Amino acid sequence: MLTTANPSAMGIRIRERIFKYSLTLSAVIAIVILLAIFLTLLVGSLPSIRALGISFIYGKTWDPVSNKFGGLPFLAGTLLTSLLALLLSAPFSIAVSLFLGEYYRKGLVAGIFKNIIDLLAAIPSVIYGFWGLFVLVPMVRSLEMKLNVAPYGVGVFSSSVILAIMIMPFSVSLSRQVISMVPLHLKEAAFSLGATRYEVIRHVIIPYTRSGLFAGILLALGRALGETMAVTMLIGNTHSLPHGLFGPANTMASVIANEFTEATGRIYSAALIEMGLFLFIVATIINIIGKQVIKRFTFE
Amino acid sequence: MGNDGHIAEGKAIISGLDRQVQVRGLKSRLFRLVVILLSLISTLPLLLILFYIFKKGISAINWHFLVSLPKPVGETGGGISNAIVGTLMLIGVAAVLAIPVGILIGIYLSETPKGRIAYNCRLAVDVLQGIPSIVIGIIIYEWVVVPMGGPSSFSGSIALGLMMLPAIIKSTEETLKLIPEALKESSLALGVPYYTTVLRVIVPSGMSGIMNGVLLSIARVVGETAPLLFTAFGNHWMNTNIFKPTSSLPLIIFKYATSPYTEGHKLAWGASLILIIMILVLNLITKLVERKWRTPF
Chain V
0 MLTTANPSAM GIRIRERIFK YSLTLSAVIA IVILLAIFLT LLVGSLPSIR ALGISFIYGK
60 TWDPVSNKFG GLPFLAGTLL TSLLALLLSA PFSIAVSLFL GEYYRKGLVA GIFKNIIDLL
120 AAIPSVIYGF WGLFVLVPMV RSLEMKLNVA PYGVGVFSSS VILAIMIMPF SVSLSRQVIS
180 MVPLHLKEAA FSLGATRYEV IRHVIIPYTR SGLFAGILLA LGRALGETMA VTMLIGNTHS
240 LPHGLFGPAN TMASVIANEF TEATGRIYSA ALIEMGLFLF IVATIINIIG KQVIKRFTFE
Chain H
0 MGNDGHIAEG KAIISGLDRQ VQVRGLKSRL FRLVVILLSL ISTLPLLLIL FYIFKKGISA
60 INWHFLVSLP KPVGETGGGI SNAIVGTLML IGVAAVLAIP VGILIGIYLS ETPKGRIAYN
120 CRLAVDVLQG IPSIVIGIII YEWVVVPMGG PSSFSGSIAL GLMMLPAIIK STEETLKLIP
180 EALKESSLAL GVPYYTTVLR VIVPSGMSGI MNGVLLSIAR VVGETAPLLF TAFGNHWMNT
240 NIFKPTSSLP LIIFKYATSP YTEGHKLAWG ASLILIIMIL VLNLITKLVE RKWRTPF
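Protein sequences, first through last, are from chains V and H. Per numbering that gives the first Met the number 0, residue 0 is the first one in the first sequence, and the count goes up by one each step. Per numbering that gives the first Met the number 0, residue 0 is the first one in the second sequence, and the count goes up by one each step.
Since the hints were made in silico from the structure, they are not lab data. Incorrect hints may appear among the rest.
Stated by the list, open to error - Here are some of the chain V residues that sit facing chain H, going by a computed Cβ distance under 10 angstroms: (1) 82; (2) 231; (3) 275.
Stated by the list, open to error - With a straight-line Cα cutoff of 16 angstroms, these simulated EDC-like cross-link-like pairs (lysine to aspartate or glutamate) come out: (4) 55(H) - 262(H); (5) 113(H) - 173(H); (6) 286(H) - 117(V); (7) 294(V) - 125(H); (8) 26(H) - 198(V); (9) 70(H) - 262(H); (10) 186(V) - 198(V); (11) 19(V) - 110(H); (12) 265(H) - 74(H); (13) 113(V) - 101(V); (14) 176(H) - 110(H); (15) 67(V) - 258(V); (16) 183(H) - 110(H); (17) 186(V) - 117(V); (18) 290(V) - 289(H).
Predicted model only: the values in this text are computed from it and were never measured. Note that beta-carbon positions come from the ideal geometry of N, C-alpha and C, so glycine has one too.
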């Protein structure tokens, strides 16, 4: 029997056990890291939660000098830019998803397109911001002059356009997969009844993939809410509520990026960490819902 | 007479139907046109971005640009050597930290399809992937920068490493899952211990997929700026000590892009071009690895 009498077998058994334990340990570490992130944010924002309470959400004035920390301008700015970006990118991402998932599934054109969309996701946020600052902002400024609004250039609109470009690949990668997963027999049945391509898309593909498309949009929204650098460079960084689509504003991620290292005073930095906590919670919820929808879709 | 009336009526119906079919066909073709048009427009931003960066970046780059330090504000010339070294250092240390942990977790998940730890771990990895990068910056500031008494390249590497983990874990898990059970069983049947089977049989068979994940994760974090703002912080000078603040390409782009000086903008275009080339090369290598050493299962 290979028992304790054989020293090498015992060595193997010990090593085997160490290996298995270290595997499990590493998995536990991943869970612990996530919990620790949540706790760190929670503990870090406690001073602000205690001092400001719910007024943090509806307070309109952000004035660190006089110790006023109202987060509403940043909350509003984040929601406004993200939703506008979603709206702007939706037609394009749906079109590209249909292009790659239905019209051109294979071949050279599809390959080139897929690579272009992948590269769009690979470009760093800071380069989007830089490009936006020097190419997009002048264009937006001349548009604003034509529309007779104050030609800031930077502001909600410029940020949303850049965000729309940045989040497009994320919703496409999911929607494309979902669309190409529609069972062939469903489509063929519709075609055999004399449906046109458009009717198949409208009455078979879209209804079938609705939850998946929704998940794609949700994940893109998660990206948009937390996006920092490009928005910081383009939004104008004011401390007041956004007025209109073209004026400058600010977002939660941007105010953290701009002020965190200079935040003196317990409540000031805690208020910024609380915004981080907000972003974390929202991103987590969106991710979990999105993943559940996808899972249900792939099991159907 | 009555018969003729019926025929006329029938012809009218048929021509009506014909028209309906034509309209539906037209609608379908029109929709397809719109889809193609919108898709083509979607490729414009990438082409424009690459065009501008190559056009403006090429004129900024020369040998001097690559090997010298940035000049003080307002002076002409100067380069980005400190940022290039800083980026390589940040990424190198981040990779050393993240790759072993990521692969271990990936192995665990592929070997444990079910179970509470595995379920929660998968969930944690998914959530980790979605955390905004600026929040990672705050976290590493609290965990590393504050205890160490100041920003450092090391803390930046930890932040980037944390962001690399999900991609490495996922690609490892997905690749190893594809490896046939028979391979593992035949190794075990030969009396090879479990850990040797995993490390010498299963992991090498999935090496290309794992490599792919590692390269992609590097490509994804090499341009990350937000988590470095509070951790690596930036440095005007050359720094090779991982416990000192350091510059990096994204940080230098951010700094000079938002400065009001044309010389600074030129520096930023050059740095952007170098960064983009790094990312394109990493993506290209990934594609080649995928094609050449595709996991044979």
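How the hints compare with the structure:
no.	hint	in the structure
1	82	17 angstroms, violated
2	231	8 angstroms, holds
3	275	5 angstroms, holds
4	55(H) - 262(H)	12 angstroms, holds
5	113(H) - 173(H)	15 angstroms, holds
6	286(H) - 117(V)	12 angstroms, holds
7	294(V) - 125(H)	13 angstroms, holds
8	26(H) - 198(V)	9 angstroms, holds
9	70(H) - 262(H)	10 angstroms, holds
10	186(V) - 198(V)	10 angstroms, holds
11	19(V) - 110(H)	10 angstroms, holds
12	265(H) - 74(H)	12 angstroms, holds
13	113(V) - 101(V)	13 angstroms, holds
14	176(H) - 110(H)	8 angstroms, holds
15	67(V) - 258(V)	15 angstroms, holds
16	183(H) - 110(H)	11 angstroms, holds
17	186(V) - 117(V)	28 angstroms, violated
18	290(V) - 289(H)	26 angstroms, violated
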